[in-house]
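Chemist: Listed below, chain by chain, are the residues.
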Amino acid sequence: MKKLINDPARYVDEMLEGLVAAFPGLSLGGESGRCVARAQPARDGKVGIATGGGSGHLPLFTGYVGEGLLDACAVGNVFEGPSVQSCIDAIKAADRGAGVLCLYGNYGGDRMNFDMAGEMASADGIECATVLGADDVASAAPDEAEKRRGVAGIVFLYKIAGAAAEAGRDLSEVAGVVRRAAENTRSIGVALSPCRVPTASEPNFRIGDDEMEVGMGIHGEPGISRAALATADAVADIMYERLAAELPLRPGARVAALVNGLGATPLEELLIVWRQIARRLGQAEVTPVTPMIGNYVTSMEMAGASLSLMVLDEELEALMAAPASCPFWTVSP
Amino acid sequence: MPVLDGVAMTISAADLADFIERLDTASARHEQALNAADARLGDGDTGSMLKRILAAMVAADARQSDDLPGAARRLAQATMKETGSSLGTLVATALMTLARQAGSRGGALAADDMADVTAAMADAVAERGKASAGDKTVLDSLRAVAEALRTGPATEATAARAARAALEDFRGRPCRIGRARMFPERSTDADDPGMLAAALLLDDVETIDAQ
Numbered sequence: 001m002k003k004l005i006n007d008p009a010r011y012v013d014e015m016l017e018g019l020v021a022a023f024p025g026l027s028l029g030g031e032s033g034r035c036v037a038r039a040q041p042a043r044d045g046k047v048g049i050a051t052g053g054g055s056g057h058l059p060l061f062t063g064y065v066g067e068g069l070l071d072a073c074a075v076g077n078v079f080e081g082p083s084v085q086s087c088i089d090a091i092k093a094a095d096r097g098a099g100v101l102c103l104y105g106n107y108g109g110d111r112m113n114f115d116m117a118g119e120m121a122s123a124d125g126i127e128c129a130t131v132l133g134a135d136d137v138a139s140a141a142p143d144e145a146e147k148r149r150g151v152a153g154i155v156f157l158y159k160i161a162g163a164a165a166e167a168g169r170d171l172s173e174v175a176g177v178v179r180r181a182a183e184n185t186r187s188i189g190v191a192l193s194p195c196r197v198p199t200a201s202e203p204n205f206r207i208g209d210d211e212m213e214v215g216m217g218i219h220g221e222p223g224i225s226r227a228a229l230a231t232a233d234a235v236a237d238i239m240y241e242r243l244a245a246e247l248p249l250r251p252g253a254r255v256a257a258l259v260n261g262l263g264a265t266p267l268e269e270l271l272i273v274w275r276q277i278a279r280r281l282g283q284a285e286v287t288p289v290t291p292m293i294g295n296y297v298t299s300m301e302m303a304g305a306s307l308s309l310m311v312l313d314e315e316l317e318a319l320m321a322a323p324a325s326c327p328f329w330t331v332s333p
Numbered sequence: 334m335p336v337l338d339g340v341a342m343t344i345s346a347a348d349l350a351d352f353i354e355r356l357d358t359a360s361a362r363h364e365q366a367l368n369a370a371d372a373r374l375g376d377g378d379t380g381s382m383l384k385r386i387l388a389a390m391v392a393a394d395a396r397q398s399d400d401l402p403g404a405a406r407r408l409a410q411a412t413m414k415e416t417g418s419s420l421g422t423l424v425a426t427a428l429m430t431l432a433r434q435a436g437s438r439g440g441a442l443a444a445d446d447m448a449d450v451t452a453a454m455a456d457a458v459a460e461r462g463k464a465s466a467g468d469k470t471v472l473d474s475l476r477a478v479a480e481a482l483r484t485g486p487a488t489e490a491t492a493a494r495a496a497r498a499a500l501e502d503f504r505g506r507p508c509r510i511g512r513a514r515m516f517p518e519r520s521t522d523a524d525d526p527g528m529l530a531a532a533l534l535l536d537d538v539e540t541i542d543a544q
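Protein chains in written order, with our numbering: chain A, 1 to 333; chain B, 334 to 544.
Think of the hints as simulated: they come from the structure by calculation, not from any bench.
Honestly, I wouldn't trust all of these hints.
Stated by the list, open to error - Computed from the model, here is a short list of chain A residues facing chain B with C-beta under 10 Å: (1) Ser32; (2) Arg34; (3) Ala74; (4) Asn77; (5) Val84; (6) Gly108; (7) Met116; (8) Thr199; (9) Ala200; (10) Phe205; (11) Glu221.
To be verified - In the DSSO-like style, the derived pairs of lysine-lysine whose C-alpha atoms are separated by at most 30 Å in a straight line are: (12) A:Lys3 - B:Lys414; (13) A:Lys147 - B:Lys463; (14) A:Lys147 - B:Lys414; (15) B:Lys414 - B:Lys463; (16) B:Lys414 - A:Lys2.
Model, not experiment: these values are computed from the prediction.
The beta carbon of each residue, even a glycine, is placed where N, CA and C say it ideally should be.
Taking the hints into account, I'd like the entire structure generated from these sequences.
Modeler: Quick look at the structure:
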């Protein structure tokens with residue numbers, strides 16, 4: 001697989017330079033040089049929302065810094081957690097005097113580094129709370145759901161967190177509603193092809209031309225089953241049924257829905273998948289609210305798609321609908 | 334000069350630097366094997382990550398530090414600057430523990446201290462990484478090394494034998510942490526990449542001449 005790069009070792013830094021050059025609403029800085037924040041910080045007294053994670057997943061994570069969403073993001077190397085220093089930078093950049101919610105995916109490196117950064121920020125008088133995105137049903141059984149990894153469903157959590165903070169809620173209230181959103185969110189993905197990190201000479205896994213892997217992680221971690229490549233409808237059914245087994249998709253329910261491309265799948269194919277998901281939701285008498293179809297959380301050039309669903313209540317639906325704006329996603333009033 | 338050369342020897346910053354340089358050489362030799370082991374259970378980068386971390390530590394040159402605690406802190410900082418990966422953070426955690434252990438002993442360590450120091454490093458890694466004994470991680474290698482150094486001669490050969498024995502002892506047992514625990518039938522036959530790294534690198538350290 002070919003890549004359009006200059007120097008593998010400069011991949012992330014050059015990407016960040018391009019990002020802030022393209023979007024003047026973003027700034028790049030911190031002691032680490034690996035913190036993306038709003039160029040115009042939010043008003044004093046607003047709860048800050050900080051996130052972080054490895055590169056290679058754009059628009060996640062840095063692409064969601066903006067009004068009504070995130071205040072700052074710690075940026076790691078491709079598929080690596082952000083350094084402790086960049087996590088400290090993100091917490092400090094997000095802090096407007098009302099505490100900071102650290103909202104990131106449940107991965108070992110991210111968690112350890114944000115834990116250390118949170119301890120150090122607390123020592124500096126910044127109150128921190130943490131909510132983890134842990135929506136990937138393929139990464140742990142329901143009885144140990146706390147071990148699940150975070151994947152595309154975290155985009156919903158960013159929206160809920162950003163809207164609650166903009167509405168002026170305090171840190172415990174913001175953390176509380178985001179936790180409820182997380183409890184109501186599930187995702188699963190199906191990969192058709194591998195990806196390759198810029199510094200590696202080989203793809204990070206192999207998959208046959210006629211195969212797909214159900215439940216593969218967004219770094220190429222093994223999934224729950226490998227099967228013969230199926231039609232778009234069959235893949236959609238596999239994903240839908242896996243989520244429906246865990247979510248209360250009762251008649252009359254309303255859901256936020258995201259069909260996410262992993263990087264190398266055309267939008268057309270994602271729409272074909274959505275067509276079947278919408279049909280299944282309709283059969284269950286569940287209403288999707290403003291479905292999102294596109295590349296929201298990618299894995300370099302991995303082909304495939306994921307489905308995320310968040311069951312809504314009135315409050316969550318209102319927060320999802322609140323205005324928000326960032327380089328890759330706008331929600332208009 | 335080997336780090337664990339005999340009971341009377343004091344471990345210096347230069348000894349630690351030398352040990353890291355030999356690990357660095359060994360990591361280059363085993364990079365692909367470790368990546369392959371990790372690809373069976375995780376995201377396939379353990380060998381490359383370890384090589385990067387060790388290269389960053391060699392570049393940081395622990396010999397420039399005045400004493401062992403300073404050298405260990407210098408290596409921890411180089412690691413944390415290089416990567417935010419879980420492997421890097423756990424290596425840095427172990428090095429910070431080494432620095433504290435040496436500091437609490439007046440800034441120096443003898444070979445006979447290494448059983449306690451290794452046990453303390455294992456405790457810190459467990460606390461940071463939330464792994465337990467028996468989960469089939471590098472923590473089990475560290476605990477095995479600590480126990481062997483306590484009961485046998487405190488040498489690198491003892492440490493290498495213990496890491497190898499731990500690796501073999503855990504073959505046939507499933508991973509109990511991380512994504513690998515989701516497919517016990519596959520993880521039972523596979524070596525944990527961290528345990529494999531401990532065994533391969535400690536084996537090599539004895540035989541590689543310091544640069």
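Chemist: A separate judgement is required for each hint: does it hold in the structure or not?
Modeler: Hints versus structure:
no.: 1; hint: Ser32; in the structure: holds (8 Å)
no.: 2; hint: Arg34; in the structure: holds (9 Å)
no.: 3; hint: Ala74; in the structure: holds (8 Å)
no.: 4; hint: Asn77; in the structure: holds (6 Å)
no.: 5; hint: Val84; in the structure: holds (6 Å)
no.: 6; hint: Gly108; in the structure: holds (4 Å)
no.: 7; hint: Met116; in the structure: holds (8 Å)
no.: 8; hint: Thr199; in the structure: holds (7 Å)
no.: 9; hint: Ala200; in the structure: holds (7 Å)
no.: 10; hint: Phe205; in the structure: holds (6 Å)
no.: 11; hint: Glu221; in the structure: holds (5 Å)
no.: 12; hint: A:Lys3 - B:Lys414; in the structure: holds (26 Å)
no.: 13; hint: A:Lys147 - B:Lys463; in the structure: holds (11 Å)
no.: 14; hint: A:Lys147 - B:Lys414; in the structure: holds (27 Å)
no.: 15; hint: B:Lys414 - B:Lys463; in the structure: holds (22 Å)
no.: 16; hint: B:Lys414 - A:Lys2; in the structure: holds (29 Å)
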